[in-house]
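J.: Given next are the chains, with one letter for each unit.
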Amino acid sequence: MGYLSHIIILINIYVILCVASGLIIGLSRMISLGQAAFYGIGAYITALCIILLDLSLIPSLILVMLVNGLISLLIAIPTIRLRGDYFILATLAFQFIVFALLNNLSSVTNGSLGVSGISPVSVMGLGGINGQSGFLILSAVLAILVVLIFYFIYHSPYGVSLKALREDELALQTMGRNTRRLKIMAFVISSAFIGWASYIFATYMTYIYPGGFHLDESIFILIAVLVGGSGSIRGAIAGAVFVILLPEVLRYSGLPDSIAAPMEQIFFGLLLILVMRFRPNGLLGKLKL
Amino acid sequence: MNTVLEIKEIRKSFAMNHGRARVFGAEYKNVINDLSISLEEGMVTSLVGGNGEGKTTLFNLISGLLRPDNGQILYVGERESIDCILSSPWQIARAGIGRMFQGARVFDELSVKDHLLIQARQSEGEKPFSRMLRPARSKKLENELSERIYHELKGFEEFRALWDAADTPAASLSFARQRLLSLAGLLVGGYDLLLLDEPSSGLSRESFETLYKLLDVMRERGKTVFLIEHNMEFIKKAADTCHYMAEGRIHFSGSPEEVLDHADVKQSYLL
Chain Y
1 MGYLSHIIIL
11 INIYVILCVA
21 SGLIIGLSRM
31 ISLGQAAFYG
41 IGAYITALCI
51 ILLDLSLIPS
61 LILVMLVNGL
71 ISLLIAIPTI
81 RLRGDYFILA
91 TLAFQFIVFA
101 LLNNLSSVTN
111 GSLGVSGISP
121 VSVMGLGGIN
131 GQSGFLILSA
141 VLAILVVLIF
151 YFIYHSPYGV
161 SLKALREDEL
171 ALQTMGRNTR
181 RLKIMAFVIS
191 SAFIGWASYI
201 FATYMTYIYP
211 GGFHLDESIF
221 ILIAVLVGGS
231 GSIRGAIAGA
241 VFVILLPEVL
251 RYSGLPDSIA
261 APMEQIFFGL
271 LLILVMRFRP
281 NGLLGKLKL
Chain B
1 MNTVLEIKEI
11 RKSFAMNHGR
21 ARVFGAEYKN
31 VINDLSISLE
41 EGMVTSLVGG
51 NGEGKTTLFN
61 LISGLLRPDN
71 GQILYVGERE
81 SIDCILSSPW
91 QIARAGIGRM
101 FQGARVFDEL
111 SVKDHLLIQA
121 RQSEGEKPFS
131 RMLRPARSKK
141 LENELSERIY
151 HELKGFEEFR
161 ALWDAADTPA
171 ASLSFARQRL
181 LSLAGLLVGG
191 YDLLLLDEPS
201 SGLSRESFET
211 LYKLLDVMRE
221 RGKTVFLIEH
231 NMEFIKKAAD
241 TCHYMAEGRI
251 HFSGSPEEVL
261 DHADVKQSYL
271 L
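Top to bottom, those sequences are chains Y and B. Letter by letter, the first sequence follows residues 1 to 289 in our numbering. Letter by letter, the second sequence follows residues 1 to 271 in our numbering.
Looking at chain Y on its own, in the form it has when it is part of the complex (with noise of 0.2 Å):
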């Protein structure tokens, strides 16, 4: 029991992290490298946020959320019309950069040690929410919401503009359409809402250091969004469920750790080559012809 809700726990903030990138990396076709960077600062502010601040849940999400809309703002302002290579260069940057402050900035995120003893979530009135069951339920209600928010903005003439965009921009310049402010809206609002992931990461693991934030995962973010589905909210899940689902079926395939870890990357990468020459829109995704 234990091990299966902690699989379905991770695959709730895998959830959260796909579906919110989706907005991006599928629906508007900007592939962002940097999306571990956002999913790490939203938990260190998480940290902060209990550690320092002592506040409670919804405070938090809110903060968390904030933080990363505005650097997220701040990122996409001199990016965002990068096309194509180049803003999947910029975020790669920005990535690293992230992950070299993490690293290295000892005084105040505690370097590669990390910060632990982040403390369960207090929430107002109801208590602490500790124990695996209890954060099966605040991820699952945290998926869902998250899953129900970008349904709404996949279907708004918010979302059909992206798609439009993603298309044509030109095109749709010439419609009246400010493209570079679109695009922008879409960084932030997906941003923003990575920041829930780490705040259920940083407080289910009640300890958080820069290794986990590293280029890797944004890998496999992009990963999970582009062959589950890219442009959909189904392919986005498909591919959170998948993501965290392959490696623990290696893990039962018999095969030795030392080839184990090395054959999931294998796959991986294999994976992501044969869908993007067989299936460029996705496992889940419309076949063109």
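If you are wondering where the hints come from, they were derived from the structure by calculation, not from laboratory data. All residues carry an ideal CB built from backbone N, CA and C; glycine is no exception. Careful: at least some of the hints might be erroneous.
Away from chain Y, derived, C-beta distances all over 12 Å, residues of chain B [stated by the list, open to error]:
#1 N2
#2 I92
#3 I97
#4 L153
#5 W163
#6 S182
#7 G185
#8 H230
#9 F252
EDC-like cross-link-like pairs, simulated, lysine to aspartate or glutamate; straight-line CA separation at most 20 Å [to be verified]:
#10 B:K113 with Y:E167
#11 B:K113 with Y:D168
#12 B:K236 with B:E198
#13 B:K213 with B:E247
#14 B:K113 with Y:E264
#15 B:K113 with B:E144
#16 B:K127 with Y:D257
We have chain Y; now place chain B onto it with these hints.
T.: Quick look at chain B alone, frame taken from chain Y:
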């Protein structure tokens, strides 16, 4: 007669070093050479000329997709007057200049309805959380827009047929119907000046009637149309004035018959 668009001595050159950094000795090709032209309100003005003479470049300059090296492009619209050189494409569109591209340039994955809604909405109520926080209002706005689109399109048999297939993704429409979709979008977009790049190409004879009718409707409403065309018959029937463009400038202007009967034009079109 009011002048809607005033273009004065614009020049545009492209570096011929095939995308490499501009260095000393790069060759430049002048695509637009001190071109001046003005458009009168409520008129259909056509632009003719051979391929590669800079017609589409001129349209890109007007709609803000390219910047001229020098010169002036002023738009005096009903809603606002702007300097096209200093404005972004979206600002120019919002000031009332609509654009139809060459070929079929539609958003493949969007449905016919979404296309028309994007044009009709003009970013009104286009907020990320509108659907969630104010569902009733958002739905009402969409219904009003659909109503307006239907009202605009119902006079045109072919546009109405498009609207009847509103949920079809644009990618699965035929080339001609994709072009019709672009035209219908410009109609519902409520623009004051339309830039049409070869509107008749790829259309059938029946669709020509739709196009004539669209131009008539625009004229009736006092809107202005500027079009690039190669179809002589179409120009003679649809346009009020005609300009012949070669080597990046307007060589002569006049009524469609005058211009099309000119020896140079006949030569460039091998008539």
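J.: Hint by hint, note whether the structure agrees.
T.: Right, here's what the structure says about each hint:
1. N2: 23 Å, holds
2. I92: 8 Å, violated
3. I97: 8 Å, violated
4. L153: Answer for B:L153: holds, closest chain Y Cβ roughly 17 Å.
5. W163: 17 Å, holds
6. S182: 9 Å, violated
7. G185: Given a closest Cβ separation of 8 Å, the condition is violated.
8. H230: 22 Å, holds
9. F252: 30 Å, holds
10. B:K113 with Y:E167: Status holds; Cα separation ~16 Å.
11. B:K113 with Y:D168: Within the cut-off at roughly 17 Å; holds.
12. B:K236 with B:E198: With a Cα-Cα distance of about 14 Å, the restraint between B:K236 and B:E198 holds, given a limit of 20 Å.
13. B:K213 with B:E247: 33 Å, violated
14. B:K113 with Y:E264: 44 Å, violated
15. B:K113 with B:E144: 13 Å, holds
16. B:K127 with Y:D257: At roughly 49 Å apart (the allowed maximum being 20 Å), Y:D257 and B:K127 break the hint.
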